[in-house]
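The residues making up each chain are set out below.
There are 4 protein chains.
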Amino acid sequence: MQSQLNDMLKQAFAEATKLYQERGFQRRVGFGKKPALINVDLANAWTRPGNPFTCEKIDDEIIPGVQRLLKACRENNHPVIHVTTCYQVTDRNNPHTDMGLWHNKIPVDVVNQEDENIWAIDSRIAPIAGEQVLIKKRASSFHGTYLAGFLRAAGVDTILVTGVTASACVRTTLCDGLAEGFRTIAVRECIGDRVPGAVEWNLFDIDAKFADVESVDRCVDYLSTVKG
Amino acid sequence: MQSQLNDMLKQAFAEATKLYQERGFQRRVGFGKKPALINVDLANAWTRPGNPFTCEKIDDEIIPGVQRLLKACRENNHPVIHVTTCYQVTDRNNPHTDMGLWHNKIPVDVVNQEDENIWAIDSRIAPIAGEQVLIKKRASSFHGTYLAGFLRAAGVDTILVTGVTASACVRTTLCDGLAEGFRTIAVRECIGDRVPGAVEWNLFDIDAKFADVESVDRCVDYLSTVKG
Amino acid sequence: MQSQLNDMLKQAFAEATKLYQERGFQRRVGFGKKPALINVDLANAWTRPGNPFTCEKIDDEIIPGVQRLLKACRENNHPVIHVTTCYQVTDRNNPHTDMGLWHNKIPVDVVNQEDENIWAIDSRIAPIAGEQVLIKKRASSFHGTYLAGFLRAAGVDTILVTGVTASACVRTTLCDGLAEGFRTIAVRECIGDRVPGAVEWNLFDIDAKFADVESVDRCVDYLSTVKG
Amino acid sequence: MQSQLNDMLKQAFAEATKLYQERGFQRRVGFGKKPALINVDLANAWTRPGNPFTCEKIDDEIIPGVQRLLKACRENNHPVIHVTTCYQVTDRNNPHTDMGLWHNKIPVDVVNQEDENIWAIDSRIAPIAGEQVLIKKRASSFHGTYLAGFLRAAGVDTILVTGVTASACVRTTLCDGLAEGFRTIAVRECIGDRVPGAVEWNLFDIDAKFADVESVDRCVDYLSTVKG
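Protein chains in written order, with numbering that gives the first Met the number 0: chain P, 0 to 227; chain V, 0 to 227; chain B, 0 to 227; chain E, 0 to 227.
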C-alpha cells in the first residue's frame, strides 16, 4: 500500500504545487549566517524497538544522517541542541502532572524522568560536553523551554531540524522556529514517523509554508562552509 | 482525483489507526467545563474569492457552521475570539517588518493593516460588542499574542477551533492550545484549506495527537448545554 | 542605617500610597478557588552561607514560613512547585551557553547543573513525591518554562509565591504570573533579598501593581480552608 | 522629602553596591552590533496631564531625550518600536476582558481601544512610516506580543528602552528583553514614574541585574556610530 499511497500523494502534491506556485507559496527562506542543529526526540523511547513511541527508518537513514550533521557541526563549532521529552509525574490520575493534558491524547506516560535510560539521547548520536540536552514537555522544542532565548543569545539565525516525528514534534518545532524569527531548514532524510504517509504529507505542508526541506548532503555542505 | 485520493487516504488512515490504537494514541481529551470559540482567519482575504489566500468550502460549509456555533455561544455567554492576520510593514525589502521571516515562505505581504477590508472578519460572521478581535502575525493564534493569558483569566478550560487553513493556522493553534493546558476541539466541518487532501491529512494527525475532531452538531449541542 | 532607611521608605510609601489611592492603584486581586504554591530559588546556593547568591533572613523567617505553607498544601492536596536555577554550560567564554546573556550581569556561572548540591532545594523544605522541581534559566519562573501550561492544565487560578530574591526572581515571577492570568499572592515574610531596602521597595511596587502582599498567617489559613 | 529620600537611597545603594561588587553583580552587558529603540507607553494617557496614568518629568526630560534618540535612529536606519497599551473590553464586570486580571490591581479600564486619542503615541514623538506601533495588554512589551520574534527576524541584538513607568512596564520589558537574549540598555533620563523614589530604586535594581543604565548622551552617540 505504501507505494500506491506515495504515488497518489505525489499526484496530489503536484496539483497543490501548481496552485501554491501561482499564488506565491513555497517560497525559500534560505540558509542564514549562523546555524544551530536541533535533534528532536532522538532518544531511546523513539529510536529503539519496543516502545509505543518507536519510529521507522531510524537505523538506516536517520542515525547515519544525524551522525554526519553532528560531525560537521563539531568540526565547525556550531551549537547542537539535543531535545528529549520526559515527565516527573506520570500517574494519569494525578491532576498535578507536568504531562499537562497531553496524556489524554498520546502515551506520554511511558517516559518517566526517573527512568533515565528511556529518555536518554540515543548513544549513537550522544551529546558531548558543551552541547545542550533540553527536556521539553510538549511537542514543540520551543514551547515552554529556553530554546528561543538560548539561540538568540548565541547569535543563531538558522536552525536545522532533524528527528521524530514529522507529524508532531518536528513539525511544531519548525513552525515555532520560523515564528520566533529563525530561518528553518528541515533535513529531509533525518526526519521520521511511524505511520504510512505521515512523513510525506507533513514535509509537503512544511515546505510549502514553514521551512525549506533540504537534503542531508546539502545541509552538511552548508554546515561545513559557513563560518561558526 | 480528489475522490481517488480520499479513498487512498482512508486506507492509510485505517492502517495508521490500527497502529495508533495498539500503542495508545488517538485518546480523547474531551470537552471541559468552560469553553471558548476561536475562529481562525475567517477574514475576507481567506473567505472571499480572488485573493492568494482564498480557501475552499467557505460559503457552503464553514460560514453556516460557524454561524451556528456563534449563535450557541452568544445565547450562553461563552467567549468568542475572532482571529485575523495583518502587518504594518509589507515591503519585502524592509528588514524591519512585522512579517518577520514568514514572507519568505508565503504571500503574507498581501495583508496590509492599512487596508482594513482585506483583513476584516467576514461580515457574515462578524464580531459583536464584547467579543475579541485578535490580530496575529504568525500561524498560531497563541504565538506572540495575549490569547493564553486572556483565556486563563476568563477561566476557560476548553477551546473549540474553526477556520483556515487546516495545514497552517488551525493546526498550530490547536497544537499550542493543548500545550498551554486547554482541552482542544477541532470542529470538523468548519475547518478548510485550499489544496486537495490537506484538510483530511491534517485533521487525521490532529485527532491522533493534539485535539478531538468533533462535528459541528456535537459542538453546538455542547455549547448549548454547558454552563458559561 | 537599615532602620533610618526603613523610616524614610515608609514616608515615601505613605506619600505614594496617597497618590495611588486617588488614582485607582493598589487594588486587590484576591485569593481564588484553586491555589498552587511556588517556592522560588530556595535552593542551597541561595539559602546556605558562603555563596555569592546567599540571602538574608533565610533561617529565622523564610524557612519556617515555607514549612508552614508546605504543610498546609500537603494536607489539602494543593500543587507545589519548587523552582531552582542552574546551567549546563557555565564557561563564560563559550557563546553557546544556556546562561544566555545573564552572566554578563550577575554571577550565574556559580550554579553548574553537574554540581547538584549547589542547586538542590534546601533540605529543610525539600520536595516530596508528586511535587514539581522546575529548573529555570532566567529570573522569572514562567520565562522559558512549562509552568503556565502546567498550572492551567491543573486548573490552578491562584499562585502563592515565596523565595528569593524580592528584586529579581520573585518579582518577575509575580509579574509574569498576573500577566498569564493567575491571581498573584506574595507571601510577605517568606520573601528575601540580600541588600538593604530591596525587600521593602520591591514589595511596595509589587503590591501597588502586580500582586497582593499577604502574611504567612493569612496564606496558611487560606490554604487550609480552600478546597483543593 | 524627595531630596532627603534621595540622600538616604544613595547611602543604601552605596552599601548594596559594595556587597554586589564583592559578589559579582552589577556587571556590564554592553552595547551590541544591531540596536533597536523601544519606547514604552509614551502615549497620551501617560504623557499628558489629567489621567490616572500621568507621569512626571515628561515634558522637560523624557520627550526631549526621546526626540534625540529618534533622530539618531532615523538617520541610521535603526528599527523603532512604539509601545502602547489599550483594551477592547474595559467593563470591569465582564469576565471576558482582554484586561485579564490586571484591572484588579491598577486602573487599566481607562484605556479603551475605541478612544484612540487616549492610547495614541504622544504627537511630539510620533511614529513615522516603517516604524512599529505595538499594542500590549500587560506590563512587559514582550509578554503576549510579537516583539521577540520581530526583533530576532530583524537581526537585532541590543534594545534601548525608554518610557514609563520605571516600576512596571519599563522594568518588565528590560527583564524580559535580557531573558529573550537581547543586550538591554535603560536610557536613564528617558525613564519616568509617578511616585517619589520609584525611578531611583528601580533603576538601581535594573542596573544591578537586568540591564545597563546609560545616559541619553552615550546612547545617542552609540546609535550614531553603530552600523544599522
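Any given hint might turn out to be false.
Note that identical chains are pooled: a pair holds if it fits in a single copy or bridges any two copies.
Simulated pairs of lysine-lysine, DSBU-like, Cα-Cα distance not exceeding 35 Å [claimed, not checked]:
(1) 33 to 9
(2) 33 to 226
(3) 70 to 17
(4) 70 to 33
(5) 56 to 9
Note that these hints are calculated values from the structure, not bench results. From a predicted model like this one, the values you see are computed outputs, not experimental measurements.
Are any of the numbered hints broken by this structure? If so, which, sorted upward? Of the numbered hints given earlier, the structure breaks just one, which is hint 3.
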